[in-house]
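S.K.: Chain by chain, the residues run as shown.
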Amino acid sequence: MPIVHEGLKKELEYVTRPGERKHIEEIFERADPFLHDISHNLIMGKQHEVDRLTKEALDKGFAANTVLDDGLIAGMAVVGVKFRDNIIFVPEVLVAARAMKAGMKHLDPILSASGIEPLGTVIMGTVKGDLHDIGKNLCIMMLRGSGFIVYDLGVDTKPEEFIEAVIEHDAHLVGMSALLTTTMPNMGRTIKAFEDAGLRDQVKIMVGGAPVTQEFAEDMGADGYGKDAMACVEKAKELLGIGAVAFPAPAAR
Amino acid sequence: MAFVETMKPRERVLNALARKPVDRPPVSNPTNVATVELMDLTDAPFPDACRDPELNARLAATGYTELGFDSIMPYFTIIQESSALGCDMQWESKDNWPTVRMTRPIWKEPEDVHMPKDFLTHRDNYTILKSISILNKEYGDEVAIIGKAMGPWTLAYHVFGVQNFLLMSIDDPEKTKRCLDRLKEISVVFSNAQIEAGADALTFPDHATGDLVSGEYYRKYLLELHQEMAERIKCPLILHICGSTLDRLDYIAQNHMAYFHFDSKNDPQKMMDIANGRIGLVGNINNPVTLYSKGPEEVRAEVNRCLEAGVNMVAPECAIPLQTKLENLLEIPKAVKDWCKENYETEHYKKSYSQIGAWPA
Numbered sequence: 001m002p003i004v005h006e007g008l009k010k011e012l013e014y015v016t017r018p019g020e021r022k023h024i025e026e027i028f029e030r031a032d033p034f035l036h037d038i039s040h041n042l043i044m045g046k047q048h049e050v051d052r053l054t055k056e057a058l059d060k061g062f063a064a065n066t067v068l069d070d071g072l073i074a075g076m077a078v079v080g081v082k083f084r085d086n087i088i089f090v091p092e093v094l095v096a097a098r099a100m101k102a103g104m105k106h107l108d109p110i111l112s113a114s115g116i117e118p119l120g121t122v123i124m125g126t127v128k129g130d131l132h133d134i135g136k137n138l139c140i141m142m143l144r145g146s147g148f149i150v151y152d153l154g155v156d157t158k159p160e161e162f163i164e165a166v167i168e169h170d171a172h173l174v175g176m177s178a179l180l181t182t183t184m185p186n187m188g189r190t191i192k193a194f195e196d197a198g199l200r201d202q203v204k205i206m207v208g209g210a211p212v213t214q215e216f217a218e219d220m221g222a223d224g225y226g227k228d229a230m231a232c233v234e235k236a237k238e239l240l241g242i243g244a245v246a247f248p249a250p251a252a253r
Numbered sequence: 001m002a003f004v005e006t007m008k009p010r011e012r013v014l015n016a017l018a019r020k021p022v023d024r025p026p027v028s029n030p031t032n033v034a035t036v037e038l039m040d041l042t043d044a045p046f047p048d049a050c051r052d053p054e055l056n057a058r059l060a061a062t063g064y065t066e067l068g069f070d071s072i073m074p075y076f077t078i079i080q081e082s083s084a085l086g087c088d089m090q091w092e093s094k095d096n097w098p099t100v101r102m103t104r105p106i107w108k109e110p111e112d113v114h115m116p117k118d119f120l121t122h123r124d125n126y127t128i129l130k131s132i133s134i135l136n137k138e139y140g141d142e143v144a145i146i147g148k149a150m151g152p153w154t155l156a157y158h159v160f161g162v163q164n165f166l167l168m169s170i171d172d173p174e175k176t177k178r179c180l181d182r183l184k185e186i187s188v189v190f191s192n193a194q195i196e197a198g199a200d201a202l203t204f205p206d207h208a209t210g211d212l213v214s215g216e217y218y219r220k221y222l223l224e225l226h227q228e229m230a231e232r233i234k235c236p237l238i239l240h241i242c243g244s245t246l247d248r249l250d251y252i253a254q255n256h257m258a259y260f261h262f263d264s265k266n267d268p269q270k271m272m273d274i275a276n277g278r279i280g281l282v283g284n285i286n287n288p289v290t291l292y293s294k295g296p297e298e299v300r301a302e303v304n305r306c307l308e309a310g311v312n313m314v315a316p317e318c319a320i321p322l323q324t325k326l327e328n329l330l331e332i333p334k335a336v337k338d339w340c341k342e343n344y345e346t347e348h349y350k351k352s353y354s355q356i357g358a359w360p361a
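The listed protein sequences correspond, in order, to chains A and B.
Here the first sequence is numbered in my numbering, starting from 1 and rising by one per residue.
Here the second sequence is numbered in my numbering, starting from 1 and rising by one per residue.
Note that these hints are calculated values from the structure, not bench results.
Do not take every clue at face value.
Said to hold, decoys possible - Where chain A lies over chain B, by a calculated footprint (3+ residues, C-beta under 8 angstroms):
(1) 88-98
(2) 311-323
As the list claims (entries may be wrong) - Mimicking DMTMM-like on lysine to aspartate or glutamate, the simulated pairs with C-alpha atoms at most 20 angstroms apart in a straight line are:
(3) Lys-227/A - Glu-92/B
(4) Lys-265/B - Glu-20/A
(5) Lys-158/A - Glu-92/B
(6) Lys-265/B - Asp-228/A
Don't be surprised by glycine CBs; every beta carbon is placed ideally from N, CA and C.
Pulled out of the complex, with its shape left as it was, chain B reads as follows (with noise of 0.2 angstroms):
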C-alpha cells in the first residue's frame, strides 16, 4: 500500500502537538517564514505587513498557500508587543527586519513595568489580533494558526536594553526577578488575546540562548516562571530560543509546555534523546547557510537528518532572512513527503509518527 496524507494540515499539527499519532510529520513555521519574493507576490511588503492586518494576513497565508507547510504564523517579528509598550522602534523597509533600538532602552526599574491600556488595541498587537481571526475565517478549518507571545526574558532585553539587563542579572537577581515576574503578566495578556482570536497554539520566544547565557540561568530565572506561563496559557506553547541550547534541554523540559523549537547548532539526534518524549521538539533547518545560501539538495539533507532522529516537527530554525529563495523553503515539504512514502512502513516512522505512543507525563 503506497503512503497517502489522511490529515488535514490542522488536524496534523495539532495532533503532533497533543503528542498523538499523525499521518506525517508536520511541516512548520514557528517563527516566520514571510520572504521578499512573497511580499512581492502578494503585495504586502515589509514594514506595513506587520502593522495593517489585511496585508499581514495575506503574506502570512503563504506559509500555506505557497509554501505547503501546515501552519500559518502572522506575527512576522519579535517587537510587536514591545513596540505596543512604547519601546523606541526602526521599522525599516521591505528587505530589512523592524527592530527595538535597544540601546534606547524605556524602563530602569521592575515598578517601571507596566501595561498601557491601549495595550491590546495598540496598532501592531491589534494588526496581529485581527489578522489571526481573519485568518481563521478564512483558513481555519484547513490549516494550524499558530500565534506568537514574547516571553519575559525576550521583553527584558527590549525595555531594558540587553547589555543593562544582563549587567542586572549578575549584580541584582533578585531585581531581575521581579522585572521578570511583572513582564510575564504582558505575556499572558497577549497569549490570551491571540487565543481568543482563533490562535491554535502559540510559539513563545524567550530569549534566553546559549550563545548569552548558561543552562543555569535557565533554571534559576526562568523554569518556574515557564511552568506558570504553561498553566496559565490555555494552549499548546511552542518554546523558542535560539543558539545552542542541549546545555537547557534537561531543564527546558521540564516546563511543561508542549514543544521546544531549536536552532540547528543543536544536533537532532543529541536533542531527541535528551528531550526523551518529555517535550516535542521542532526544528532546525539551518536559516544562513543551507535556506539562504545553498540549494534544495543541502535543504534535503537537513529534512532527512530531522526526520532520522525523530523531530516531531520539521521547520526552519528560527526567523529566516528575507532573501531566502522560494525553492530551498518549497523543498521543505517536499522532502518530508517524499521521507516519508520511503519509510512509511518502517518500526521508526511508526513509533515516531504514525504510531506514536503516549509520551511521558
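Pulled out of the complex, with its shape left as it was, chain A reads as follows (with noise of 0.2 angstroms):
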C-alpha cells in the first residue's frame, strides 16, 4: 500500500541510502496507515499523541507487536538514520525516546506476558568512573523495542559488576559505554577483568560512547563496536550470530 500521510514521506526523504531505504518503506508500506501516525509523531517527539494514539490502536484491535513494529520502532528506524546522519541531534532523539517510552506503558505489560523468546540476554553498563547514560539508555531502549532482554547496569559500572551480572543471568553478550576520554581506558580494564576471570571466551563484548571509536575498541579487545543506537542492535544481533538484519525484526518476536 502506498505510503500516504505527508509528513512521513518527507521524512523518509532523509533516509537516502538506498537499501535502508527500501527496508523501511517496506516496513511503511505494509503498515495501517493508522500506524503511520504513530510513526509521525513518534518522529517528531510528541509523546502525548504517541500516549493516546497507541492506546487507540490497542483498542481499535491492533496487535501490540504490529503497533510496536510497524508504528514505534518503524518510526525510531527513521530518528535513528537522522541521527546518524546528523540530521538531527540528541535533544531530538532524546523526545523521540520519550515518546517511544509514552507508548511502550501501553504495549510492555502486553508484550511482557505473550511469553515470546527474546533474541538474547544483554548486560548494559556505563564505565566505572564515568556517570554519563543517555547514550546507554538509548541503545537500551532499541535493544528492548528489537527483542533482547536487557540488564541495565546503570553509570559508574565496576569491573566486577558486569561479570557478576554476567554470570547471575547468564548472559553472552555485554555492552558498555563511556562518553568521556578520561574514562575509555576502563573498557580495556573491564576487558581484562573477564579474561582474568576465564570468562572473556564466553561473552562477546560490545562499546560504544561519543567519543569510543572501532580504533580503539580494537585496540581495548573488544568484539564490536556501535557508532549509535541502532548500530548497537545491529552488532548485538552479529555478534549473537542472528544476523546483521536492520531492524525492526518483527519474525523475531
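Two independent chains are provided; combine them into the complex using the hints.
M.R.: Here's what the structure looks like:
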C-alpha cells in the first residue's frame, strides 16, 4: 500500500541509503495507515500524541507486536538514520525516545505476558568513573524494542559488577559505554577483568560512546563497536549470530 | 643560522594568545595533563590534589617542570564550581576523575539558579584560586598560568542534569535561555576571581559538543552569551568544546574569544581554513588512542600534522586519561622543537608563527 501520510513521506526523504530506504519503506507500505500516524508523531517527538494513539491502536484491535514494529520501531528507525547522518542530535532523539516510552507503557504489559522467546540477554552499563547514561539508555531502549532482554547496570559500573551480572543472568553479550576520554580506558580494564576471571571466551563484548572509535575498540580487545543505538542493535545481532538484520525484525518476536 | 628559542614560555604563550609573533609555537595544556605518574612524583594524588591548594600547585607545576609545556593548568577537572554550588559529587580515587552525579540534579527552574555566599571561599574553588596565586608567585615570571571556568552550558549539565537540560532545550527554549543567562554570572565571577589571583588566561569549557547538539544550537543558545563573556572577562579566553565542531566553527570564530581548543575528531587543516585567522586554534593530539595507547612516534606524527596545518598552539585534545604514559606527553614539546629546527626558515613557519601578521579583526 503506498504511503499517503505527507509528513512521513517527507521524513523518508532523509533516508538516503538505497537499501535502508527500501527496507524502511517496505515496513511503512505494509503497515496500516493508522500506524503511520504513530510513527510520524514519534519522529516529531510528540509524546502525548504517541501515548494517545498507541492506546487507541490497541483499542482498535491492533496486536501489540504490530504497533511496536510497524509504528514505534519503524519511527525510531527513521530517527536513528537522521541521528547517524547528523540531521538531528541528542535532544531531538531524546524527545523521540520519550515519545516511544509513552507508547511502550501500553505495550510492555502485553508483550511481557506473551511469553515470546527473546533474541538474547545483554548486560549493559557505563564504565567505572563515568556517570553519563543518555547514549547507553538509548541503546537499551532500542535493544529491548528489538527483542532483547537487557539488564541495565546503570552508570559507574565496576568490572566485577559486569562479571557478576553475566554470571547471574547467564548472559552472552556485554555492552559498555563511556562518554569521557578519561574513562574510556576502563573499557580495557573491564575486558581484562573478564580475561582474568576466565570468562572472556564465554561473552562477546561491544563498546560505544561518543569518543569511542573502532580503532579504540580493537585496541581494548572488544569484539564490536557501535557508533549509535541503531548500530548497537545491529552489532548485538551480529555478535550473537542472529545476522545483521536491519531492525525491526518482527520475525524474531 | 640554527633555530634558537628566544622567548620564555610565558611570553611565548601570551604572544600567541595576543596573536603576535612567537619564536616557536607554544605547547599548552588548556584542559589538563595530570597523570598518576606525576601524582606519585609529587605525592599529590587525586582527589586531594583537586581539593588542597598546596597539593594542587605541586601537581600542576609538573606540566612545566617535568613535561616542559609552556603553560601550567591548576584546574584539573570540570567540577570545582559545581561542587561549590552544592552538586552531588563523586570524588573517586587516585586513578579516576572526580565527577558530578548528574543523575541527581540540584535545580529544576531558572529561578533556582543562585550563587551561594561562600562560592569563592568554598574549599574547591578556593583551592584553584589559592593554587593560582602560589603558582604565580613561584613561576609567574617564567610560565603562563592558565585558569579555567566552566561556561553556562556545562554548568547547566551539572546542576540540571544532562538529559533534563537537553529536553528543556527542545521543550522550552526561552526557559533554557533564562537558565543560561543566570548561570553565566557564575562563570563571570569565578573567571574574574582567577584573573585577580594571577591567571594569565582562562580556558572556558562549554560543552555544546557535536556529539550532543547541533551547530545551530551553538548559534541559538551560546554565541551571544560567549560574546558577552569575551567582553566581560578581562583576559584571553580559550573556548573548549569536545567532539566534532567543524559544523559550528564558523559561529565559534565570531565569539570574540582569543582561542578555540579543538578535539581530534576535527581535521586541523580544515579547522584552520574555517577559522581563517578569526580565532586562534589550539589542539588536537588524540587522547584515548594516541596519547594513552600508542607511542611517541604516533604522537610526533600528530604534532607534525598540527604544525603543518599552522595550528597556533599544540596541546592534547582534552583532559588526558590519568594513566597516560609520560614518554608520550614528553614527546609533544620535543616534537614541536624538532619540527621548528627543520622548518624555522620556511615561509610557512614565518607566516604561521615567527612573523605572523595582524589577524583579521
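S.K.: Are the hints correct? Go through all of them and say.
M.R.: Status of each hint after checking the structure:
1. 88-98: Our answer is that it holds, as 4 residues pass the Cβ test (under 8 angstroms) against chain A, meeting three.
2. 311-323: Contact hint for the segment 311-323 of chain B vs chain A: holds, 7 residues under 8 angstroms.
3. Lys-227/A - Glu-92/B: The hint is violated at about 28 angstroms.
4. Lys-265/B - Glu-20/A: Violated: Lys-265/B and Glu-20/A sit about 26 angstroms apart, past 20 angstroms.
5. Lys-158/A - Glu-92/B: Satisfied, since the Cα-Cα distance of roughly 12 angstroms is no more than 20 angstroms.
6. Lys-265/B - Asp-228/A: holds (16 angstroms)
The structure shown violates the earlier hints numbered 3, 4.
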